[in-house]
Every structure is written in C-alpha cells, then in structure tokens.
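Student: Next come the chains, spelled out residue by residue.
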Amino acid sequence: MSRILLVLSTLLVLPALSAQDESDYYSIEKISIPEAIELEIGGMDFLPDGALAVTTRRGEVWIIDNPTTDKPEYRLFARGLHEPLGLSAHDGAIYVAQRGEVTKLTDRDNDGTADVYETVYDMPLTGNYHEYHYGPLFLPDGSFLTTRNVGWEGSGVSKVPFRGWMMRYVPEEDRLIPWAAGMRSPAGFGTNAEGDIFVAENQGDWIGSGRITHLEEGDFAGHPASLRWADEEGSEVDLKEDQLNDEFQTMYRAREELGNVKLPAVWFPHGILGISTAAIITDRTEGAFGPFAGQLLVSDQGQSKIMRVALEKVDGEYQGVVFPFREGFSSGLLRLEFGEDNALYAGQTARGWAATGGEEFALERMKWTGSTPFEMYAVRATESGFEIEFTEAVDPAGVRPDRFKLQNFTYLYHHNYGSPVVDIQPNTVTSAELLPDGKTVRIVLDALRPGYIYEIKLGDIRGANGKELLHDFGYYTLNAIPGGSGTVASADDNIAASAGSAKRPTEMPADWNGSFDQEILLESALGMKYKQNVLNATAGARIKFTFQNPDDMEHNFVLTAGKLGDRVGEAALELGLSGAAKDYVPDMDAVLVHTELVAPETEDTIYFTAPTKPGVYEYVCTVPGHYKVMRGVLIVKEAASR
Amino acid sequence: MLRYFLFLTVTVLLSCEQDPLTVRNVDIDERTESSGLTEFDPTVETGWTASDGIRTATAPASLELLPQDEALTLSFNFRMSENAEAKLLLGGQHALALPSLTLDTTAFMRSAVDIRPDVWQNLEIAYLPATATTPALLVATYLNGNLVYYQQPLPDVESGGPLTLELTEGEMSVTNLQQSGEAGKASSLASNGEVNLNLPLIHYAYYAVDGRPKTFDGWATQEPAKEGYISRFDLGAIREANRDYAIRFEGNLQIPKAGPYTFHLRSSTHSALFIDGEPVVALGPDTEGIENDGTVTLSEGTHEVRLDHYQETNWNHLLLKYSYGEQERKSFNDMPEGQAVATPRSQETTPVETDDRPYLLRSFLNFPMARVYDYTQKRTHVVNVGEADGPHYSYDLQNGALLQVWRGPFVDVSEMWEDRGEPQVVRALGPAVSFDGRPQWATDANEWPVEADGLRHRRYELDAEGRPTFIFSHGEAGEVSDHLVPNAQGLERTLTNQTGGETLLTTIASAASIRETAPGVFETLNPGLNIQVLELASGGLRLLKGEGTQRLVAELPPGEHLTYAIDW
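In order, the protein sequence lines correspond to chains A and B. The first sequence begins at 1 in UniProt numbering and counts up by one. The second sequence begins at 1 in UniProt numbering and counts up by one.
Worth flagging that the hints you see were computed from the coordinates, not collected in a lab. From a predicted model like this one, the values you see are computed outputs, not experimental measurements. Just so you know, even glycine gets a beta-carbon here, dropped at the ideal spot from N, CA and C. Keep in mind that a hint or two might mislead.
Distance windows between CB atoms, simulated [to be verified]:
hint : chain 1 : residue 1 : chain 2 : residue 2 : range
1    : B       : W219      : A       : D517      : 27 to 33 Å
2    : A       : P509      : B       : T215      : 25 to 31 Å
3    : B       : K214      : A       : T506      : 46 to 52 Å
4    : A       : D196      : B       : Y150      : 45 to 51 Å
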C-alpha cells in the first residue's frame with residue numbers, strides 16, 4: 001500500500017516540477033447537469049438573453065439559464081425530436097436539424113415551452129442510421145446551411161437526395177439549394193473571421209484522414225456517392241460519380257485531372273490531431289479568450305479535445321496549419337460555442353461513439369487564465385519554406401536549422417476506409433532566421449512539394465523570456481506554393497504504402513503440419529467494443545485466430561504480454577504520423593501478436609502460440625482513442641497434464 | 001409498397017342537396033392481394049345463426065371449425081359482448097381463452113391483450129399438431145397483427161381432436177373464417193402471375209460436430225443437440241457456435257405452377273439443397289467458390305425440401321434464392337441482405353414514460369405491422385403521440401395518415417436510445433390497431449393515392465393541453481389540418497379543409513369491410529373499429545368499395561370540417 005502511495009505522489013509531483021500544462025493557460029470546468037437529464041448534446045447555441053439552448057440526441061431542447069454561473073437552471077423547452085444534431089437561435093425562434101427535417105420551434109404564448117413545431121423543409125430518408133443531419137448555420141443574408149451524412153452500407157451510400165451534400169436554404173423564397181457535394185460525415189461546419197464556410201470531415205471511405213475544407217457553391221469535397229444528385233436542379237456541381245476512381249491515388253492528383261475537386265484547407269493527421277473532427281468555431285472574442293483571436297478552433301468527438309487552425313490564402317485558396325490546443329474534456333466533444341463571458345462552452349456526447357474522457361455526456365466551459373502560452377501562433381508558406389510566427393518574442397539563441405525538424409507526406413484517395421500516411425519524405429532545413437519582429441522565424445527547405453502535408457516539429461526553441469513551448473508540433477497543408485515556383489519534387493508514380501510485421505504471422509507455421517489446437521474468433525461490435533471480452537486458451541496451444549470487423553470503422557487486435565493494455569495503447573498514440581502505416585502497433589516487447597488494421601466488414605487471420613505461462617493477457621484495439629474502451633482479456637490456463 | 005391495383009370503373013354521381021351523413025357507394029377497382037388463406041365453413045354448428053356472412057350465438061354454443069387435428073393457419077374475426085367468454089380448443093383440448101387469450105398451460109405472452117367488447121378483432125393462429133415424439137406447437141398467435149405467442153409448445157397431448165370454438169358466456173359473433181393447411185405462409189400465385197415460393201414452416205435439427213470431418217454425415221446416426229421450427233434459414237438464430245455445427249432444415253413446399261425452377265445457393269461452407277430427396281444444388285468440398293445454382297422441373301403440388309448445412313468455417317453465410325421463368329430472383333426463405341425482416345420485440349425495453357403533457361416523439365416505425373420473419377419497411381417521418389395510459393397513436397407526417405393506435409404503456413425506444421440505436425424505430429408497448437397507412441387526403445374518390453401528392457407537412461401546433469394539430473399545405477390550394485384528442489372511448493379526430501376553394505376527400509377508415517349500423521355510425525373489420533361521425537355540416541360520406549378493401553371517406557368542401565370518433 002505504501003508503495004502505491006509513493007508512486008502516486010511521485011506522479012503528482014513530477015509534472016509540476018518539470019513542465020507546464022495546457023491547464024495553465026486554459027482551464028476546463030464542469031457545468032452541473034441535474035441527475036434526471038441525459039444531456040447528450042447534439043447542438044447548442046446562446047440566446048440573446050445569455051441563456052444556453054441545448055438539444056440532445058434523445059430529442060429534447062433544454063434552456064439553461066445562468067449558464068456562466070455555478071448555478072445554472074435547466075428548463076425543458078421542447079422534446080420528442082428525432083436525434084437532432086444541430087441547433088441555432090435565430091429571430092426569436094430555435095431551429096434544429098432533426099433526422100428528417102429542419103424544424104423551427106416557437107413559443108407563441110410565452111409560457112417557456114415551444115408550442116409550434118414548424119417543418120421548414122423535410123427530406124427523404126432511407127431509414128439508415130448513418131443518415132445524420134447537422135445544422136442549421138445562419139448566414140448574414142438570412143439564409144442557412146445544413147449538412148447531410150451519407151448512409152452506411154459497408155461503404156458510404158447516397159440512395160436518396162441529397163445525402164452527402166451541404167444544403168443552403170433561402171427562407172424568403174422557400175428555396176432549397178443543393179449547394180456543395182462530396183461529404184461523408186460532415187458533423188460540423190462554421191465560418192472563419194471573413195465569413196467563409198468551412199466543413200469538418202471524418203476519416204472513412206475516400207477520406208484518408210480528418211480535415212477541414214473551405215466550401216463554395218458548386219464545390220465537390222471528395223466523397224463520390226453524393227454525385228449521384230449532381231445533375232439535380234439547383235446544383236452547380238459539375239462532376240460525375242464515375243469520374244472518380246482509386247487510380248488518382250491522391251486528392252491532389254484528382255484535382256489536377258478533374259479540376260473540380262476541392263482540396264482540404266487543412267488535414268488533421270488521424271490519431272494525432274483527432275479521429276473525428278466535429279465543431280468549427282472562430283475565436284471572435286478579440287483577445288478576451290487569449291492570443292488566438294481570429295483563428296479557428298476545431299473539436300474532436302473521439303479524442304475529446306480541441307485543435308487550433310491558422311489559415312492563409314495562397315493563389316486565392318485557403319491552406320494552413322493545425323496545432324494541438326487543449327485536450328482533457330470529459331466526453332465526445334461535438335459542439336463549441338462562445339458565451340457572453342468569452343468562455344468556450346463544450347457540448348459533449350459519447351453514446352455509441354466512444355470517446356476519451358469516459359463520460360457518456362458532459363457540458364463544460366473552458367476559460368483563458370490570462371497567461372499567454374509560448375506557442376507557434378501561425379505558419380505561412382513561402383516560396384522556399386515557411387515562416388513560423390510565435391505568440392511571443394523568440395530567444396535568438398535557439399534559432400538554428402537543426403531545431404526545426406520537417407517531413408512531408410500525404411494520404412491515399414481511394415474507396416477504402418481511411419489511409420495510412422504515404423510517401424513520407426524528410427526535409428532538410430537549410431536555414432533558419434529570426435525576422436526583425438523578433439517573433440517570426442523564416443526557415444528555408446531543400447525542396448517543397450505541393451499537395452503534401454508538412455510535419456513541423458520543433459526542438460528546443462524558447463521564448464525570449466525563457467518560456468518553453470507548450471506544444472512543439474503542427475501540420476501545414478501545402479496545397480500551393482506561393483509564387484507557384486519553388487522546388488517541386490517529383491511525385492512517385494506509385495505511392496501505395498506497404499506494411500508488414502513479424503508479430504502478425506498470417507501463414508500457419510510449417511512445423512504445425514497443417515493443424516492447430518484451437519481456433520478463436522473475435523468480433524468487433526458497433527460502438528468501439530469487442531463482442532468477446534473474455535477469450536480462453538490453453539498454455540502453449542497453437543491458435544488460429546481470426547478478427548472479424550463488422551463495425552463501420554477500422555479496428556485491430558493487439559495481444560499484450562500481460563495486463564499491459566494501457567501501456568500499449570499509450571505507446572500506439574505516441575507513434576504519431578507513422579501510426580496508420582504501422583497499423584497503430586508500437587514496436588515493443590509488451591506486444592505479443594497483432595492483426596492488421598482491419599477495414600470495416602473485413603477480417604484478418606493470424607497464427608500464434610498461446611503464452612506458455614498461465615495468466616491474464618489483455619488485448620486492446622490500438623486505433624487512437626479506442627484502447628480505453630475496446631479491450632478484453634485472454635485467459636491462459638495450464639495445459640491438462642497428459 | 002402497398003400491393004393494390006387501382007383501376008377506375010365507376011364514377012361518382014354528382015351530389016345534389018341531401019343529408020351529409022347519407023353514404024353513397026362508389027365501386028372502385030381496387031383489391032387486396034390474397035393472404036394465401038382460403039375461406040371455409042365450419043363442419044358442425046350448434047347454436048349459431050348466420051346473417052350476411054356473420055355467425056352470431058348466445059351461450060352455450062359451439063362451432064367445430066375443422067374436424068381433424070392438423071397443421072394449420074387459421075384466421076377469423078370475432079366480436080364479443082361485455083362479459084362474454086369463449087375458448088378455442090386446439091387439437092380438441094388446449095384451450096385458448098377469449099377474450100383474455102390466456103392458455104391453459106404456462107406460456108409467455110409477448111403482448112398485452114386488451115380486447116374491448118363489441119369491437120371486431122382478428123385472431124390468427126399457426127399451429128402444428130403433436131407427433132409421436134413432439135408436443136403440439138402453437139407456432140404463432142397474432143391479435144390484430146400483434147404477436148402474442150411464438151413457438152409455444154402445448155404439452156401433454158394424448159390424441160388430437162377437432163378444432164372447436166365454444167362459447168360459454170354471453171354473445172359472440174364470428175366471421176371471415178379463413179385457413180390453410182400449413183402452419184405459416186405458403187407459396188402463392190400472385191394475380192399478375194408471379195410465383196411466390198415460401199416454405200410455411202421449417203423444421204430444423206441442430207448438431208454439434210466434433211473432429212473436423214471433411215464432410216458431415218451424422219444426420220441419421222448422431223443425436224441432434226436441439227430441434228425446433230423456424231420460418232427462415234436463419235443460422236444466427238439457431239447456431240450456438242461460430243463453426244463446427246450442422247443444421248438440417250426440412251419443410252414442405254407447395255409449387256403453385258409447374259415448370260423449371262432454378263435455385264441459387266450462396267454459402268461460405270458446405271450446403272446442399274434437396275427436393276424430393278434429389279440433389280438440386282450444393283456447395284462443399286467438391287465445389288469451388290461460394291456460389292452455385294441448379295435447375296429442377298417441379299410439378300404442381302407438394303414437394304419435400306431439405307437443406308443440409310455444415311458450417312466448417314468461421315464465416316456464417318447462407319443465402320438461397322429461386323427464379324422462375326422471366327421472374328426476378330427472389331428470396332427462398334433465406335435471410336436476405338439489404339431487406340429488413342421483422343423480429344419479435346426484445347423482452348428488455350427502454351420505455352418512454354408519459355407524464356402530465358402529451359409526449360410527441362419523432363421516430364422511424366416499422367410499418368405495416370409484419371408477421372415474424374416477414375418483410376417490413378420503415379416509415380421515416382413518424383410522430384408518436386402518447387399521454388397517460390393512452391390511447392396513443394403513431395402518425396405519418398409525410399402523408400397525414402394515422403398509422404396505429406393503442407392503449408397501455410407508450411413506446412419502447414431501446415432501438416433508438418441504446419448505443420447508436422441503428423434501427424431508430426420505436427415499438428408500441430401495447431397491442432396496436434394498425435391502419436393501411438395510405439395518404440389521408442385525396443381529390444379523386446376513384447383512385448385513392450398510394451403516395452401523397454402535393455401534401456406537405458408545415459407544422460404542428462400544441463393546444464393548452466399540449467395536444468397537437470397537424471397542419472399541411474395541399475398543393476397551392478391552402479392548408480388542411482388534423483387534430484386528435486384521446487378520450488375514455490378512443491380517439492376523436494377533427495379534419496378541416498382550410499383551402500381556398502378546393503373540395504377534398506379525407507379518409508375516415510380503410511378496412512376489409514365497413515358496415516353502417518345507424519346514420520353516421522359504422523363498424524369495420526380488419527382493422528376492427530367502431531366509428532361515429534360527430535360533425536359534418538355539408539359535403540357527404542362515400543364508401544369506396546373494392547374487392548376485399550373498403551374506404552369510408554368524407555367529402556369536405558372548403559371551410560368544412562369533419563369530426564369523428566373511433567373506438568377499438
């Protein structure tokens with residue numbers, strides 16, 4: 001007992017001694033939720049009187065009075081809506097996107113509850129659960145936008161109009177415009193400081209990784225299923241579904257060939273900066289929320305955290321950089337709104353879509369503490385490299401080329417689910433120079449490739465006041481090189497990834513002579529779970545092991561050398577960029593065997609010998625964000641004596 | 001979706017001044033697809049008088065429906081007076097009590113039973129008599145389409161007797177006696193000539209297989225681990241392991257039309273189809289791939305079907321289709337992919353509790369109510385309205401149709417609010433009376449629409465009690481509204497034509513038959529309702545009469561409203 005205490009106290013003391021923490025700059029506090037309310041937040045917005053309106057996945061709309069205080073008061077405004085995933089307050093009414101329609105809720109007799117449920121417009125549905133509906137987002141001209149998921153039938157499908165589209169509705173004309181196509185699971189969207197529209201996308205088929213994309217009318221954002229409706233009246237999308245195929249290999253090349261393929265403004269590397277991007281919000285607090293006014297904050301549902309994006313325009317199109325910002329929320333972070341207290345309110349839900357934090361739902365508020373972290377503030381592309389601007393003056397002593405580590409890579413554009421990181425090339429930083437403003441460093445690289453994502457990792461760079469970096473990396477999506485020149489490295493013709501591991505024996509060992517002692521089937525269940533949480537084996541048994549994945553996302557099976565699920569899961573997170581290419585399997589002794597990253601509705605079979613030592617061996621899915629909930633134990637028993 | 005055939009034969013006579021409650025008959029050429037059951041007359045009747053196809057008796061009375069104890073599907077409508085009691089004697093001895101539907105053996109009732117006096121009910125029973133080794137089986141029992149019993153054994157049969165209905169108290173009426181000699185849905189020949197093959201019931205024997213043999217041939221020598229009946233080749237519902245098991249399925253197939261039939265098999269492992277003992281198509285150690293087909297010429301009449309399945313791999317996958325002539329390939333009792341089939345409601349529910357305000361809950365709904373293992377469909381824009389212990393109702397916001405009504409607890413949302421809730425359907429927690437679900441409004445009496453045309457849901461407004469009025473726009477003409485109020489008797493519904501100048505027709509009820517019992521008062525059969533028209537100042541009532549289907553509608557001039565009450 002005393003030993004455990006000692007270990008614990010060491011852990012508690014260490015961070016304080018050694019390093020700063022995100023919470024030194026941004027604090028997260030819980031907003032209390034009455035016991036009886038399942039506040040699975042699907043959408044939220046502040047009302048003109050400062051109250052917070054929240055809609056839940058069970059179809060309720062709650063008005064929370066005094067949301068900025070520690071005495072919030074909840075009252076039910078409406079209920080019975082069909083899994084609404086967006087809410088906007090506009091002109092005295094509350095608008096929600098429920099599965100089958102956009103609904104306007106009005107309290108005509110001012111008794112505090114809605115008494116008119118108006119169908120602004122409805123839409124056909126097939127009844128597939130994945131046909132989620134988000135929004136609306138009102139634009140300054142009074143029109144509004146919504147987005148519609150594709151259905152899921154082993155791949156994203158659009159069987160009724162306009163699944164996979166962003167729609168714009170003009171109320172005064174009662175006109176619904178199929179505005180932009182190519183979406184798969186566009187769970188969040190918002191505008192930047194200039195009022196331009198950005199949509200967040202989740203990894204899946206045709207979507208190599210999470211990302212945000214600037215959308216204009218007629219744009220195609222990448223998922224082909226929606227193109228089935230491109231010829232419908234009102235659509236300005238000029239592309240056919242059969243024009244898309246796996247042979248382009250990357251979106252960048254598809255764009256070169258086809259023209260109308262909108263490149264993501266910023267890619268979010270899967271597992272490192274989120275696994276399911278959601279809300280997009282601009283910091284419009286003019287400094288009251290800290291030093292990042294005007295930048296975008298993007299939430300992640302699966303990893304319960306927020307990333308920060310700084311954009312610029314090159315050749316008239318947006319591109320930019322994403323940084324880590326704040327993690328540690330309690331549940332799946334689906335919605336973000338700024339309150340009148342300039343705090344950021346975070347609406348969260350994890351039911352059926354497991355998230356770090358471990359709670360089924362939560363409402364939290366994040367405040368700036370008033371201290372400015374030493375961070376990369378923004379990254380801008382130049383003809384020959386990047387300018388990295390920091391939040392504060394930089395100590396010139398640290399500005400040396402070897403303190404800047406860069407490499408670039410891209411993702412495959414194909415019908416398969418997700419993509420590993422492919423075509424990684426390291427960069428050499430040939431010079432690093434502190435600009436006269438004292439807080440911007442210009443680095444020059446040996447070569448630049450348009451269409452690649454640049455990982456920027458910093459070594460010991462400090463502020464002039466000696467402050468350390470709070471976060472030391474970011475990812476810049478280089479769609480275009482300013483001036484259009486630069487050294488364009490040639491793209492490999494075939495950039496497909498290869499993977500392989502000694503710990504994934506897919507052939508039966510020859511010395512088994514074609515037979516095995518035991519066959520084990522493990523299956524995933526929807527919602528980041530294994531169907532079998534306990535497996536049994538006899539010590540030393542020769543096992544044919546199959547992992548089947550009927551879920552709609554990728555999973556793997558990693559058997560650990562004991563109760564090491566957490567350690568292996570954490571190590572997988574540390575893999576960073578190379579994670580997907582390694583099937584998220586860290587190279588460590590704690591890993592005994594593993595399957596590949598099994599795509600939805602496929603399976604992988606491996607052959608291995610059960611540990612000879614009886615005991616409990618944890619297995620986990622090491623896809624980032626999964627290991628905390630997706631795990632089980634292999635119980636190895638003594639072989640019966642013969 | 002609904003299999004009706006719409007043809008115009010007779011047009012409506014233009015109205016002249018008359019009492020709006022006068023019913024004018026309009027013949028329409030619409031007919032329901034056959035249920036596969038045939039009408040029959042009882043073999044012995046004691047104490048019954050017949051009029052207009054309805055048999056009525058005061059206790060004591062008895063009706064011998066079928067002389068022998070044999071496999072059957074039986075469907076009939078009945079109506080009982082207050083305090084009436086009767087029993088249906090299955091195999092001459094197992095008493096299914098009416099109106100409680102209790103059995104004289106311990107049984108699991110899957111739906112509450114709430115039978116009101118003086119309202120027509122529909123009872124459907126699929127039954128298998130005992131054999132030398134197995135007890136009699138109540139394969140399924142449905143009250144107004146609600147599953148009450150499923151796969152319920154009836155033990156201790158000594159020798160089977162006739163199927164008899166005995167009225168022991170009060171007054172009872174019976175009509176629409178239909179049956180087939182199969183305990184399930186048999187093959188049929190559709191009115192357009194299409195052949196629909198179906199094994200009414202499949203016996204299965206399940207074997208655990210040891211030692212990984214190349215083929216399994218222990219069908220006769222090995223003792224089955226279990227045996228039972230099922231309606232589809234549903235491996236998932238039977239298997240107790242991922243592999244190393246075998247199932248022998250057997251059933252009798254009615255071939256309604258002689259000719260060559262091709263059977264398409266898709267299996268991950270060893271599967272073989274035999275008809276009358278002859279191999280038709282197989283996959284196994286001697287065949288490559290996972291698909292195969294075989295053609296066999298079959299005569300009209302009964303054929304023995306056997307499907308042997310030995311699961312030697314981990315992938316449990318079995319599909320069986322048939323094709324006949326130019327007909328599209330169809331499911332042959334397999335678990336089809338991409339098409340939902342009905343399953344019994346789980347015993348674990350997540351109920352939505354009602355409170356002092358009506359609860360309006362949007363959802364998907366499997367509709368129409370389907371028999372177990374029959375196809376079902378999803379209505380996607382449904383609102384379920386519940387208050388207290390009911391009556392509750394489900395309503396289609398896309399076409400204004402009242403879909404179903406029920407009393408008792410409100411709805412189960414376990415398929416919406418647990419995990420991801422993929423089905424997104426609610427299930428009524430009481431026995432529901434289900435309607436035809438076709439559009440509420442029309443402009444032409446002769447051709448009632450299948451899809452709502454020009455109707456668009458605009459809003460629902462809640463009154464002081466929180467009850468909704470549903471408001472739709474009707475083309476360019478203006479709005480129509482619909483207000484429903486539950487009361488002690490049932491539901492009171494007011495439909496208003498607020499359009500500026502268009503006379504509209506609105507449905508009061510659609511049923512197999514509708515009978516006027518007094519001016520403005522009607523009783524219906526399938527579904528069973530008592531209807532009273534309470535307010536209709538002008539316009540008029542029309543009874544649209546097709547074959548096996550009737551629709552009572554009101555003609556509503558602009559500005560006019562109709563109020564009627566239904567009880568069930």
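Student: For every hint, state whether the structure bears it out.
Tutor: Against the structure, the hints come out as follows:
1. B/W219 <-> A/D517: 27 to 33 Å: holds, 28 Å
2. A/P509 <-> B/T215: 25 to 31 Å: holds, 27 Å
3. B/K214 <-> A/T506: 46 to 52 Å: Between B/K214 and A/T506, where Cβ atoms are some 24 Å apart, the hint is violated.
4. A/D196 <-> B/Y150: 45 to 51 Å: With a Cβ separation near 58 Å, A/D196 and B/Y150 fall outside 45 to 51 Å, so the hint is violated.
Checked against the numbered hints above, the structure violates hints 3, 4; every other hint is satisfied.
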